[in-house]
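Starting from two chains that each stand alone, build the complex the way the hints lay out.
Protein chains in written order, with numbering that gives the first Met the number 0: chain A, 0 to 677; chain B, 0 to 661.
Hints are computed from structural coordinates only; laboratory data are not their basis. The beta carbon of each residue, even a glycine, is placed where N, CA and C say it ideally should be. Watch out, some of these pointers could steer you wrong.
To be verified - Selected chain B positions facing chain A (in silico; Cβ < 7 Å):
#1 N13
#2 Y24
#3 A220
#4 A408
#5 N415
#6 E419
#7 L430
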Amino acid sequence: MSYRVGVDIGGSFTDFAFLDEKTGEIRSLKVFSRPDDPGAEVTRGIARAGELYGITPAEISYFTHGTTVGINTVIQRKGLKLALFATEGFRDVLELERLKIPDMYNLLSKRPEPLIPRDMVWGIPGRLNAQGTETAPLDEAALRSAARAARDAGAEGVVIGFLHAWRNPAHEDTAARIVAEETGLPVFPSSGTWPIIREYERTITAVIGAYVQPRVAHYLTRLQAALKAVGVTPEPRLTKSNGGLMTAEEGKSRCVDMILSGTASGVIGAAYVAGMCGIGNCLSLDIGGTSADVAVITDGKPAFGTGEQIGDFRIFIPSVSVSSIGEGGGSIAWVDRQGVLRVGPESAGSTPGPACYGKGGERPTITDAFVTLGLVGHSGLGYDTVTVDADRARAAIAPLADAIGQGVEETAEAIIEIAVSSMFAGVSGLISRFGIDPRDYSMLAFGGAGPMMACFLARELHMREVVVPTTPGVLSALGGLIADMKNDFVQTIYADLEPSLLPDLSRRFAGMETQALHWLHDEQGHKGTHILQYSAEMRYRGQSFEIETPVTPDMLSGDGAALAAAFHAEHARLYGHADDTAAIQIVALRLVVSGPTGKPVLPDLPETDAIAEPIRHVPIRIDGAERDIGLYRRADLVPGHRFDGPAVVLQDDSTTVVPPGFHVRVDRFANLRITEGA
Amino acid sequence: MSGTSPARLQVLANFCAAAAESMGYTLMRTAHSTFVKETEDFSCQVLSAEGLTVASPVTMGATWYTGLDYSRVIKRFDYRDGDICVVSDPYSGFVATHAPDLHMWRPVFHEGRLICFVGNHIHNTDVGGAVPASLSRTLTEVHQEGLRIPPMRLMRDGRLNEDLMALIETNVRLPEQNHGDLLAQIACTEVGVRKMQEIIARFGPDGFRQGLDGLLDYAEAQSRAIIRDLPDGEHFFADYADEDQTGGYPVRICVTLRIKGDEMEVDYTGSDPQLVSSLNMPTGGYPRHSLAMVGVVYALACLDPTVMLNFGLVRPVRAILPEGSVVNPVKPAAVGMRSLLSNLAQTAVIGAFARIVPDRMPASPGNGLSILNVRTSTRDGRPVMASIGPVGGGAGGGPGADGAEGCGANMSFLKNTPVEINEAEVPIDILRYGLVTDSGGPGRYRGGSALEMEFRLHAPQSMVTARNRDRSRFAAWGLAGGKAGAHSTFTRNPDGPSPEELGSIDIVPCEPGDVIRLRGPGAGGYGDPLERPLDEVLADIRRGFVTAEHARRHYGVALDAAGAVDTAATAGAQAEIRRTRAAETGYCGNRIAYETVWTTARYDALTRILAALPVNWRYFIKHAIFREIGETPAPDPSDAGDVAAAFARLRLRYPDLPEVVL
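If we strip away everything but chain B, and leave its shape as in the complex, we get (with noise of 0.2 Å):
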């Protein structure tokens, strides 16, 4: 531990997380764009002299930054007193991760010397480009995807560049709003920098320069004695995304963690090749980007809930991200939805974890969480657009308790919109809204049950949208002898006469009168179903949680007529079910059916061929070598010669395509 004394850093860290958080509520009090308000889609740091976060807001803004590095930007500029700089290129220093977010930092003086930096991020509405609010999964490149901001200053010595704010006003749809969040943020540094003024004058320059780093230190040790008790090896986990594009194939996100003593690698080596799609991480393949840390932050905090959540925390780990994968895209990849893979880079990591201490980590979460949108018109025909809320699933069972219900885990920091505010703004009946019942995952602790809405459309040429629509085929997985949870389904008009199931497509061009009902993925339950106490089971199906039926195929659990327990009914059932049951692995049977196919070996040498090929080909030829291989299951489950006569079929059609060696 570094300069400041063991009795004094708990009372450094006081005052930075205090100085964190009055940026926060600053951001929040003085924001335009609900963005900011109600999805708390931002961020704010207190940042080491190199630009390493040492302090942010615990209990507001988004959970991704906790780790965020920002010296690859701070570094090429000189700086004053009264200087500002952005950044919202996620290609230039990868800070930002997609161009909606604008990144900002500040430099704090004490006596003439720079101590430290404050910084924050929020997400603008939109920022021009090809489609108002600058997202879509449709895209193909990030110039599409609105106005992109290099490293640059927006305020030297106090003076607002002019020409920046021109710049930024003349490209977005909403210029005031942008104008009021820009605004806000100089306003959050503000606070921030007088805050950490009063903190440095308190400890001294030296005093609290020693004391970042000491905090710094702090949590580093932290993670390294989590580490340093984790077996040495290495540890496979693989997830994957229901398609690269619609109707396309699976994407899997893959980690290998290797710990050796105190350090981890987090090795994506085998995740798939960028798309051509907007749903690429932008990581520049830097080793502790934040993106590809975020699971890493959230097992460790779960394996020690005391961790101090700064940049120190990820020290003792580095990733490995193949360029030209989805983890580390190229330019000019589209990445402005690279919340759906971020989100599955996080259940593949906890999943690794979980292969090493199954005991101290939860079963997947559902994940595939869906922001569902309505654009419809009114009775007068008034066209109204609206976010009508998040649908995905609750939290993994284990290790001591059910996870949470409709939403959590990774997912835990979203906000629903009450039942009543959406009928009130939009024209649509809303005919459900709750949990799925028979969705968690059994388990000794059951999966959290899955989210759902549906509701009914009034005016013609309505579009419903749900982005990161997921899990629909691959279900959140379960752990530790628990199952997986129910897949996630996307329906038009369940209940009519031909009801037509909408797979993970996430725009519908809706008619009036179609009823849309939207059901997120339930999640992975833990342990044997057939551990799960009896009252337990009986609570579920009495709450309706589970249903009889359901209680009866995965617990075991016979009741009788009158809806007492038949003892002897269940009996007999529990053991039916231990002699004719397969070894759990946790997977959903399309993942199992899948893997018949694609299985290890046969990846791996997909991999391979991939990565000897040049970026833009990589994509197509995955494409091309599922389609020769369709839906055969392999012969041998270590033989991927299949694979590798694909792609000599290929080399045959595309005399461009060099020679793989395998």
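Bound conformation, chain A alone (with noise of 0.2 Å):
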């Protein structure tokens, strides 16, 4: 037997996902985390894949994760003590970030503390200007007095950002030799991490990847050793940002490329279950304890973004975009000032969390409301690690019903209205920002409470169905695993689209081209075949904004017209216009190389006649009205069953609750499948 393994760190519980070549069928288990004790968690989950599957360490032929430590690591601030070397008299790049305030109503509101502090930012004399040409020197001198000065003020690691080092990274490169000579710290310069253009973009792209980088790499030398301890062979992969894959020893070096790992690959995961059901629009909802996170899918294909926030910040590198639009499962329940109900911002997280849990919640949480209606806590929560208390969820409520003169039950119903109207609100923003709309979309729910919560939003948004597949929690170690070798590349080129330019185009595309294959087929160890994207980064001349267009390199023969008609038209289907007489200038160039790696072929199962026999029926209240519904464990289920809502479909992981009027059908993969109407 030969297993693939795919496994999802999150700051909780670790999934695993675990595929057998040859059947191509997928099992899945959770552990706790183990942040103390980074590798821990994959040795219990090996070992508990033992015990519970029969798998042997031996069997495992591909092993890849995906990991929250890289954004916890600037969320918590744990990063390394960082210096700046930046161009002299602009040392304040990040202090200004791009100027806008975050809060703008608020005459108080304030930029976050840079990760760098300004005492830790030096300027060093010398200059290129705008076409990469020294204009003054690098003051050597005052370099190497800088990086005497930064050690002895206790800098671990110097980043270096200096002006047009997108242009001509010599200067950086002088630079970091000489830092690195005179004080032995590493040493991160911008136009090694990503070299666009605009100086505050790429200093903090820069200055991320720096910040979590030791922490990033102690944890992946754990992992290593932890798996070659238990004798897990292959090299092990880790996911990225782009939702791609490379190997544990890069990421040593390439932490930037892999701050959004996780998340990246939830995303992944919920395109390809999304795609097995031969949806090609969805959205992807994960609702956790805090926060709701939504993810556009496409075309099978999810929507990328550059500028992905991260903690207080954001970076720059090619990210799978995913908007966090409100709250979660844990966010409070109150009465203002003026005897209105509010929801949020404020959330129990999941410390002390709800108040049903009786952990030290005592405010009422979104939670509690669903289940002081009867909708949730028939089961324990959490493979469960949590039993609800109806009790304390109805005390916790209690108070803002007596606030706003109803009963318990109509304010519990009050708070999910709210709650869904807010999210509601944070979709329609994303989908607007999209240009798209939500009836060509279906809607993917995972996380603890986004099947609890999607039927009602999916309602509002009017979107075609809900799908709930049959591991929620899994889909993040399952887009690990049938994620693809991947890997971005950027020339930032800036000038006006001109014939004489495109030679010069033509010769760094092939130039990307061998640096592309050589990381994938040299450094990553890829085997098989490789996919080339190129793209160019182009907008009318004085636009401060550009788009991705997708090229074909034949587009770089001729006088060009091709290209500026590939921009006229990608332009005009994003913003309804296009201006065939304007000046175009590309800003940057840009190639994408993957390297398909096997996908797994899930199981195809016969579907029954049968009737879906619920285990009991409970009372409950849902739009109003009370009255006793179907409790269906989704492990009774299986494909060809169909029941209508209300209905409430119990899991380890999750709790799916079916308003009225929707009507669930189990799909040959055992994904249940919501519709609204018959």
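Take a look at the structure:
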């Protein structure tokens, strides 16, 4: 036997997906994460796989994993103590960001404290102009003295972000060599991280990469050792923010590429499950304790963005785009001074958690509202780590009910309605930003609270259907399993599109191609085929934002008219208009290389004609009426089963709430397919 | 709370916010001009049937239109489904505030009944007129400021008014851009109508209308609760712009807040007469005009950050805006650059609130934020014109934290242009872009530092403009014992043999090799600087926000030769400061000196004289009286006899002037 293993290491739980390479069958399990002892959770999970499924380490032929260690390091501000060497006269690049203040109606709002305080920033004499030509030589003496000062001030690493390094990395490279020589510290030049034009965006990307580096590298080393110790021999791979993979070994130096590791692979997993169901367009909805995260998948492809939020900051490496849209199951309901019921933004999170958990939480949360209505709490939650106390939930909501002069149940329903409307507002903004129509989209719900709220939200958005995968918790692990080896390359051009420019563009694409294939086949050891996707970031001269336009190398022959036409078409597609007469600027060339890995073929199960039987009926309240509804156990449901809402489906890691008027069908892959109407 | 139950009001609020955000994204996504996409100079609204703003996006767009009231133009028309109306004339109904802003509104019907409206506006880059981009401080009449569209229909029954389109395209410099932006505005209203119809269907037309009233009532109740908590009384504050024309006299905007129970009057009486430049704020004297209310909304949101941002907030508030003054100019006064005085009006209102609750308001933001524009040419002679970014100052300090650095408070919505993009686009060398040391006003909580940009030009006949230059004479004020921020400076060749201070000049012709340096104003500090903890002062020194010399002078912190704290010297320096200092006003030396000449009594006399004159005489007589008074301090602060005497002399010279009894 031979198994491919995907693992997702989250803050509380670690999920495993085991794919039998012969049968295509997937098995999953969950263990507690061990942030205190990275690697231990993997050892434990592999041991559990032996106990539960008889899988031995020697049978593991392939190992990928995603982890939140990168993003958590930034959120908790537990990264490396860094110094920044910037161009003299421009040392405030991190203080100023792009100037705009987060909350523009608040006179007291401020930008977050920079990751590198100003006393750890040195301005270094030496200057290139926008053409990359040196106008003042790098001052080596000043550099050496700054390097010593930084080391003496306790710097554990140095980021170098000089102006116009996007055009010419020479000063940064020289400085990197000298600083390393002078101090022995790790050095991170911005042009070596992601060489885009715009000094803040390039610098913060390098800073975040450097900031997480030691923790991520330490963690990966521990993981490699743990795997080796239990006898897992294949080189472990790591999921990247771009939804692809790299080797764990490379991850130790390219930390900047893995900050959104776990999040991105969840979306890849969602896209895969949706694709399996024949769904090209979907929104993935992942609701946890404190937030709801949404990603847009169109024609089977996740939307990508640069500028994804990492804690207080944004990072400008191409990443699967995931937006946080509001409340999670732990968001707290309250009544304000004007006697109006409100929900969030404060959250009880997982500690102390909702009142019904009985872990010290006293204030009513969204989850408590569901429990009060009888929709949640008929079994343990989170793999039985939590038992639900409905009386505590009601007791927490009672004071709110008194304050607004309604019954406890009515108040609980109102809390849910407010929470759903707030998520609606978030998703609504997102779909307007992407310019899509939710009527053409399905919703794939996962996370502890996703299946609990998905139908309510889909109803407001008039979405096609809701899909609840078999094991919602394991989507990220699955995403890692099916991800391809993948890397991004960029060269910033910043020139007007003219025929004379084309030969240079061709040369650059050829160079990037060589680099890309070297990365894939030589560095990553990929044996199979490869796919190259070319694109150009272009804009009309005078615009301040560029559009990534897919191109092909043959567009670079001739007079460039084909390249221009591709841009006009893309502009028209996105914005509804194009200007065939306007001058076009090419800001950058991009190349994505991917090496496809084998995809699981999930078992296609025979459909039954039998009627799904609820385990029992329970009294609940939904949509303003009280009734008895069927309570189903997910494990009992097999392909072909059908039943109508209102109903509740229980499983180890989540509860699916099916409102009245919705119909459930279990598809060939055992996913719940929930549609409104008959 | 009328209509909708307290349990469902937040639901409606969320739906309306979603509709407004969707409208905003549609506008940003489909508009052509960079004003919309980069500067985000636009707004969109869900409006009640009367035309009051109920919801608007909070994360994008300009911050001035929370309380926008379309009722004065809305009631001029009858409506059918598929109608759209527009206005850009700042004097027709006082919705638009200068000609480049094209406002648009559209009715939302449900089963044949008009239920509400949706609206939006964008700042068009050019609407014709005397100068490209239509805006210049030097323009003297609104007729020079481009095409003005009175309230009229752009669409009737879904059919576009081609005559109006042709009129617009004939009168502007970039017709394609205006056309594209207009289509984006129409698309925005389409999204708005669709979203609102869904919401109306959900709540039912009556439930929905009651709900909208409920949302306005809710914000009003929040506002009343905030005001009720403020002690009754009258509180005066004035702030000054450096000059009313190049080389002219200061402009004063003053505000008297009168709190009574849960209502408030914002009296702008005493503000200067309208100007013959384009800085005037067109409000029509409407007591809740959005320009007069911006500072109020900022203050209310500061006192209670949970307020719902809609027209209801300003219902308990009434502004008094004297006709013929800068806050209510009479046609045909030019208004294109109303932003400078509008920003000053905001700090004046914030200052008046700070008189009431100094423990809950911040000191003055830097304000005086300039947009730098460069006109030059490349080495081979190709002309280049570009905006290279906003340069201003930080947010005011306090009450619990230092002010934001470089920009903030009422200037929070602006984005900069990266140095690398500027240098790639514009043939200039940027020499420095960053924060100015020692510029933040000293205080327990330091004012935000100023921003500075310094660059060299290479081509002959180059031109630098700095719109909205201010605060080079009157610095941002400190609060609660905090000191004023540093002045703004504008200098040619600062490190050359003969640096030239450009003051408040906003257009500078440059020669090859000239270096221009613009330093914005630092923000005011909050609280006694001597109470700033030592480690915070040391961190400021270490981080280069303040020098050791500045720290010794204002914070009394003395370092020894090795850079460590000299405890004895520090105790001595602080004691010395305590012993010798005068009561801290928070004002800069220039303002203190100015107010010994232009005392409250003299200003009161001047205000009474000017108010009694025909509008066309006021600016002239203001200047004449200022010349007569000169730099002479008032012999007695309560005596304004000199002003009366000066006016009497002027009456002899200009017999048309009426007699004014003081």
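How the hints compare with the structure:
no., hint, result
1, N13, "4 Å, holds"
2, Y24, "4 Å, holds"
3, A220, "5 Å, holds"
4, A408, "5 Å, holds"
5, N415, "4 Å, holds"
6, E419, "5 Å, holds"
7, L430, "6 Å, holds"
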